[in-house]
Amino acid sequence: MKTILLVDDEYSIIEVLAYLLEEEGFAVLTASNGRAALEQASEKVPDVVVTDQMMPVMTGAELLAALKKHPRLQHVPVILMTSAPLAATRQLSWDDFISKPFAFSELLQAVRRVLPKLEE
Amino acid sequence: MKTNKGGPQPLARVPTGVAQLDTILNGGFLKGGSYIVAGAPGTGKTIFGNQACFRHAAAGGKALYVTLLAESHARMLSHISNLLFFDPAAIGEGIHYISGYETLRDDGLKGLITLVRKTIKRDGATLLVVDGITRAESAAPTETDFKEFINELNILLSLIGCTGILLTNTLDEGESYAARTMVDGLIQLEDVMDGVRAVRQVVVMKFRGSNYLRGAHFFEIGDEGLRIYARIEAVLAAPTKVPGASIERRPLGIPGLDAMMGGGPPEGTGTLVLGSSGTGKTILGMHFLSEGGRRKEPGLYFGFFESPPRYLKKADGLGLQLSRYSQDGLLEIVWQPTGGLIMDSLAERLFEAVRRRKVKRLVVDGIAGFEESVVRRERLGLFFTSVLNELRALEVTTVLTEEMRELFGAEVKIPVPGVSGFVENIVLVRQLEIASALSRAVAVMKTREGAHDDKLREMKITDKGIEIGGPFEFEEAVLTGGSMRRRLPSNGKGPRGQ
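If you read the sequences in order, they're chains A and B. Number 86 in the numbering used here belongs to position 83 of the first sequence; there are no gaps in the numbering. Number 407 in the numbering used here belongs to position 346 of the second sequence; there are no gaps in the numbering.
The shape of chain B in the complex, shown without the other chains (with noise of 0.2 angstroms):
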């Protein structure tokens, strides 16, 4: 007796054509499998659906669009034409375009199951996408009409390994019950507000037969049409590897500082530079990466605010040299201005870049840009937490950079939620005022591998960058920012010979 090996093979996988939502999906549909796309008008079934399409066919699949609605074909192609993925040669050859319209007007779901079936035979389909679904549910007599065209698509489609998706307006509770509870998943697509700010997302809330990233992931539709960014921490909730224990240093190129914190930062760790603004930061991540150019490793600088002639030329101001660094190819300046990013599709960029020339030393300027982009401010902490791990695992050593919105104060506020946490290192510099003059001073608030210098010490900036000169011994209160100067002893003198 021949068997066909027995019982259950794993199920192929299909590409939905649409960007990370395979990530989402676990490798992407399942083959034969039923979908509900749904999602009220607007928010992209349609071009979802021609993008599935054409993708599957570029692919080599055979896909078979059918449309329940009134609108033409051709009213339709000219909403797309203007998309990446459209591609008019497929038109007719990897791609049919029939109507069910009449068929379901006239004979009903019978003579639409049957069109179907015809039609995904002639054509060799692998791929069918039904436009308009909630009319054929419309059009049934009974519930059980509708089960039973479902049911019958279902097995046709399992049968022939053919994907289906079936796009309809609405997942609402009564509406659709019946075919909510007989495909192998549902994909919502959302359009919400974030303040004034509209946001599209989608949820996959079923998937049958594999694990999937449950919660909502953000979209964007553009000249590629749609576009999922996938959650990055839900993306991440592991990094891909466990990170080394690496003894190494990448030394910030700031001698004093580096003495501060035992020879720099340890490999593969995060620093967080905290200060006001104009007390330096963005000069101390140049020494860094100046730093990284000098031992030949490679270097990106990743930032939101300075655009990338302004940074260069700042930096080689102050004799780092960075120009020279960015024509060798040891440091890359990645740049978007702040406003309208999804904050993960920015971790996108950065992991790309990082990964691209296997980067050792990042430095990202600052937090801020990502908090400009976040929809969710919620999730910052687990976002940072999630990059960090990945970092780490990259080998990256990274520093950080982040604004205190306060000048002087008694309280040192780090804006972003659960910080400390998600880095190993780190550094505040503060203004503060010493006899009616505004100076700088640096401390090195946590190093969680070895120890470091508890003194607070004065930062200079000068025409060659940073330096580090002695503590403050004889005054108190600087973090404060107003400092108060205490007794000198009775000789009158200072350790800087005050």
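Next comes chain A alone, as it looks inside the complex (with noise of 0.2 angstroms):
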């Protein structure tokens, strides 16, 4: 089973993705910032990281460039759920990303498209 860590500092989004990801059969992590999730990360490798970008305390960003720096994590995907304009997201190196507000069934193709790289 696939590990997702999902980081958003929205309660009720995090509740809502963790309960759709999980009927989809992934195991869910989830933290609120950045630094809860790299914190999370270290204990438990995920297979993917989904984070928003505006968190408080580390920012998804951050956290993006702080995991890429980590020996163990750096070959994590990350995907970021951004309401950010294109050009301002494109300039991070992220696996990928979705625009908000997007439909789960969005989330899945952008988690099915990293999952690949796993297995290289």
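Keep in mind the hints are simulated off the structure, nothing from the lab. Cβ atoms here follow ideal geometry from the backbone N, Cα and C, with glycine treated the same way. Watch out, some of these pointers could steer you wrong.
[To be verified] Derived CB-CB ranges, DEER-like:
no., chain 1, residue 1, chain 2, residue 2, range
1, A, 112, B, 259, 32 to 38 angstroms
2, A, 12, B, 482, 55 to 61 angstroms
3, A, 104, B, 183, 21 to 27 angstroms
4, A, 42, B, 136, 53 to 59 angstroms
[Unchecked claim] Below are the BS3-like pairs computed for lysine-lysine, each with C-alpha atoms no more than 25 angstroms apart in a straight line:
no., chain 1, residue 1, chain 2, residue 2
5, B, 92, A, 103
6, B, 208, A, 103
7, B, 182, B, 208
8, B, 92, B, 208
9, B, 92, B, 375
10, B, 123, B, 179
11, B, 179, A, 5
12, B, 182, B, 171
13, A, 103, B, 179
14, B, 525, B, 357
15, B, 421, B, 375
16, B, 375, B, 521
17, A, 47, A, 5
18, B, 521, B, 507
19, B, 375, A, 103
20, B, 171, B, 208
21, B, 419, B, 357
22, B, 267, A, 103
23, B, 357, B, 374
24, B, 123, B, 171
25, A, 5, B, 182
Take each chain as given, in its own frame, and dock them per the hints.
Dropping the structure here:
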């Protein structure tokens, strides 16, 4: 079973997405900011990280930078959930991203797109 | 790096299942949006919710109806089982009914959202109706808890593309405030009094992410459930196309009167025929339609007072052959007795009949039929302006009759406010007394395009219909109805050999 680490400061989004992803057969870990996510990932390495950008304590971009520097976590694909303009999002090396508001099916597609990278 | 096309895409629409509400909402609900439908008991909320579900299921969607009320589903369904949208085969297939009453009572909002979440996922629901959302609000320990419930529901609906309708009793300030601010749209159903008449109206108070037709629109509850009539002047605020500038004439078929108008009304214009009772307005309209039949131009009689058999018999008696044209498909008679009708429903019928047969000649007999169905009289001017503009765009030449209340008198009162602005031509027919006998006089008061004969002429109704005589050159104050004969020339003869 693949594990997804969901990172968002909005509890309701985490709650609903976690339920929907579990229904699709994933194990789900959650965190409410970048720092908490880094701690979670260090304890149990997820297969995919799905993160919001605008969060207190540590943003999604800061989380991405920290993951890419981390020897055990640098290969974990990161998907950004963002409402930021496309140009701003392109500046960073996300593995994939989806624009808010999005349909759950779009998130699933993004997850499935990055998962084959793990197999390589 | 792959993207999901890099930005928010326009949201798909979900039909509401209620006729013309989609027009008001510019295409229907937004997929994945949440909408409150509020109204006092008896205003039709439950019918609305069920109608939306059955129509959604009939179109291939999956609907989930969650009741938070103590009322059983069997009882609710029995109340709607005689409505046309009701299909027992859809229950358990396209529509699932569940009760959230006990879950809410025993497990609170957390239990309710879990139940909704699981059932939506299980059924693959694309439409959710929650009946009695105020009960969920009452069950919330704090306002924050209720906000979190609504927020979680919104996120769920948005993520899975399920559209939500939340039915509630009230939209009063202070109640359901959290819900009102957090949902994507608010629709209020109301039952208001207009004199002694009860009128149902719907008002869209909020609709995020789209234009919509603001203000009140009237509706009925009948066999088909809710039937909304979008306010015609809002729907047709701009005609569907710009009217042309044809110089063709559509003669009335009364040679003398056509001559007075420079050949008859120009194509695509409106002509108001104004006169008191018995002056021949309806017969004038018959001539116009008969002339259309003769020229093979599709005609429509849209009347309120004369039944079709009576109307045709009267026209045939004058040799105008409307029965024949009706049988040949060149003429349609649409008749509706007045009383209890919604003005916008009349306009809808009118345009349906016009578009269906590509009508070129229309007689509305008379404007009073619309006036009697109006709920807000101040709408009349704008209403007729919109209707006439659209008829022009459809290249329909229209004759409208309007009855003047006064049989005689110095004043010419036009009952509908602003009427002179929305028609190009006005023909006035008056009864008058000459030498202790009643006569009729006709005058062309206005033609917007081209000159017209400004003389008053005698109008006779014979067994062949209307005939126009010579001018009243030797009478004065004819329009007031009580004419005075001027002194004749020394030879004692007038222009008509008198």
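Tested hints:
no., hint, result
1, A/112 - B/259: 32 to 38 angstroms, "violated (52 angstroms)"
2, A/12 - B/482: 55 to 61 angstroms, "holds (59 angstroms)"
3, A/104 - B/183: 21 to 27 angstroms, "holds (24 angstroms)"
4, A/42 - B/136: 53 to 59 angstroms, "holds (54 angstroms)"
5, B/92 - A/103, "holds (15 angstroms)"
6, B/208 - A/103, "holds (21 angstroms)"
7, B/182 - B/208, "holds (22 angstroms)"
8, B/92 - B/208, "holds (21 angstroms)"
9, B/92 - B/375, "violated (55 angstroms)"
10, B/123 - B/179, "holds (14 angstroms)"
11, B/179 - A/5, "holds (22 angstroms)"
12, B/182 - B/171, "holds (17 angstroms)"
13, A/103 - B/179, "holds (23 angstroms)"
14, B/525 - B/357, "holds (21 angstroms)"
15, B/421 - B/375, "holds (23 angstroms)"
16, B/375 - B/521, "holds (16 angstroms)"
17, A/47 - A/5, "holds (12 angstroms)"
18, B/521 - B/507, "holds (21 angstroms)"
19, B/375 - A/103, "violated (68 angstroms)"
20, B/171 - B/208, "holds (12 angstroms)"
21, B/419 - B/357, "holds (12 angstroms)"
22, B/267 - A/103, "holds (22 angstroms)"
23, B/357 - B/374, "holds (21 angstroms)"
24, B/123 - B/171, "holds (24 angstroms)"
25, A/5 - B/182, "holds (21 angstroms)"
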